[in-house]
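These protein sequence lines are chains A and B, in that order.
Following the numbering used here, the residues of the first sequence are numbered contiguously, the last one being 233.
Following the numbering used here, the residues of the second sequence are numbered contiguously, the last one being 233.
To be clear, the hints were calculated from the coordinates, so they are not data collected in a lab.
Careful, some of the hints might be misleading.
Because identical chains share one entry, a pair is satisfied inside a single copy or across any pair of copies.
Dumping the calculated SDA-like pairs for lysine to any residue here, alpha-carbon to alpha-carbon at most 25 Å [said to hold, decoys possible]: (1) K119 <-> V207; (2) K119 <-> K173; (3) K173 <-> V146; (4) K228 <-> D158.
Computed from a prediction, not measured in an experiment: that's the story for all the values here.
Number of protein chains: 2
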Amino acid sequence: MTGTLFGLGIGPGDPELITLKAHAILTRVKVIAYPAPEHGESLARRIVAPHLPGTQREIAIRMPLDAARFPAREVYDEAAREIRAVLDAGEDVAALCEGDPFLYGSFAYLFARLASTHKVVVVPGVSSLTAAAAATGQPLALQRDVLTVIPAPLPDADIARRLEDSDSAAIMKLGRHLGRVRALLVALGLIERAWYIEHATMAAQKVLPLAHAPEAAPYFSLILITSKETPRL
Amino acid sequence: MTGTLFGLGIGPGDPELITLKAHAILTRVKVIAYPAPEHGESLARRIVAPHLPGTQREIAIRMPLDAARFPAREVYDEAAREIRAVLDAGEDVAALCEGDPFLYGSFAYLFARLASTHKVVVVPGVSSLTAAAAATGQPLALQRDVLTVIPAPLPDADIARRLEDSDSAAIMKLGRHLGRVRALLVALGLIERAWYIEHATMAAQKVLPLAHAPEAAPYFSLILITSKETPRL
C-alpha cells in the first residue's frame, strides 16, 4: 500500500483559518512538505506552526534565488523524488499550500509530477481572495456580478481589457508590479473603487484604499475592486 | 455594549471544511441565524449540525416561494429587525453562510441592513469554487491564467464574451440554466474542457464531464473550465 499525497489548503495566513479537515490531516501525517525560500523561514510552515506536533519529518522545498544556476524545475524534480520515496514506503505526505492548492498554487508542480502515479487528494482552503474581501469589509461579488481574477504580471492591455468587462476584480501576485498596475487603474478611472491588501488575516495585515498604498508591495499582496452593487432586494 | 454580527463562512458542504475560527465562533455564540426554505431544512444549518451545542436560539430566515405575495426584501427586513434586537441586548449573532459570505452570498442582504449601525465581522470560508476544483482533480488556475467567475443567469452573449477571453472559468448558480449554458459551451467548442459539479464535498456530490451531466441541475451546482496549462517549470 503506497501512501497518499495531500495537497493541503492551509488558508490565507491566520492559523485559525485552516479547516478542521486540513488540521486533522496535518496533525496525523508523519511527513510534511512545504515551499520555502533558499534561506530562512517558510511562510506556509509559519502559518501552521501552532498546530504542529513537533515530531514530523519535514521536507522544505527551497527555491534558490539564482534560477539561472539552479532552475525551479530541478527543485521540484528533487522534491517529487523525495516525496515519492515516502509514499512508496507506505506513508502519507501533507504538502502545505497557502490559500487553496488549485488556485494559483505552486502545489500544481508537485501534482503534475505525482498525480499520474500516486494517490493525490486535494483539500480546498480559504483563498486570500475572499480573505482580502473580508478584510476590506466590502462584498466581493453579488448577484449577477462577473468577477475576474487577473495575475498582475500580465501586460497592461490584457489587464485593462478584462477590467473594463468586469463588475468585480482581483489582481493577484502584485509584488513588483504594484506601481504599473496602480497607474493603469488611475488611467481606467478605477482607482476610487480599488483596495490594496497585504498579508490578509496575518498580524502584518494592511488594508488601504489603493490610492494610499505604499510604494513597494510584497508578493503576498493583491488589489480588489469590490462589487459596485448595493445589495438590492 | 452591543453584540457583534458574525458573517460566518461555513464552507461548501462537508462539515469538516469549516475553519477552526468559524467553528469556535459557531459554538460560542448564543444565537445563530441562517437562510432556509419556506418549509423544511436549511442547508446551511445541516452543514454545521454536527457542531451545534444544541442550546442556541435559532433565527431561520425563511424565503417564501411566492415572492410576489411576500417579497424577499420584507423577509430580510424582518430578519434584520430580529438580529438587531439580539445585538442591542449585548449578545453576538452568527449568521451562517454556505461557502464564503462575500462571494455571491445572501449574507450581503443582512450586511447591507446592519453594517452601518452595528459591528459586523466577516469570517472567510472555503468557497464552492475551489471545493469543486478539488473534486475534479484539476487545477483551476495556474501562473498567468485569467479566471472568470460568471453567474449562469446572464444572457448567452455576456457569458460567451467572457469565456472567449478567459483561461479558466466558473459558471455559478446553474440550476435551471444548465441546458442553455451547456448548449452555449458546445457552440463555443468548450464542452470538452468543462466539468459539471453538484453538491461539492457533500455526500450527494456529483462530478462529471459536462457532456455527461444530468438534464436537471440543483441551484448548488456549477460548471468549471479548468486550467488548460500543463504546469510548466
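Do the hints match the structure? See the list:
Taking CA atoms no more than 25 Å apart as the test, K119 paired with V207 passes between copies only; the shortest distance there is 18 Å, against 39 Å inside one copy. When the C-alpha separation of K119 and K173 is checked against a cutoff of 25 Å, the pair qualifies neither within a copy, at 30 Å, nor between copies, at 31 Å. Proximity of K173 to V146 under the C-alpha cut-off of 25 Å is found in both arrangements, the shortest distances being 20 Å within a copy and 12 Å between copies. Taking CA atoms no more than 25 Å apart as the test, K228 paired with D158 passes in both settings, with 22 Å inside one copy and 18 Å between copies.
Hint check: a violation occurs at hint 2 only; the rest are consistent with the structure.
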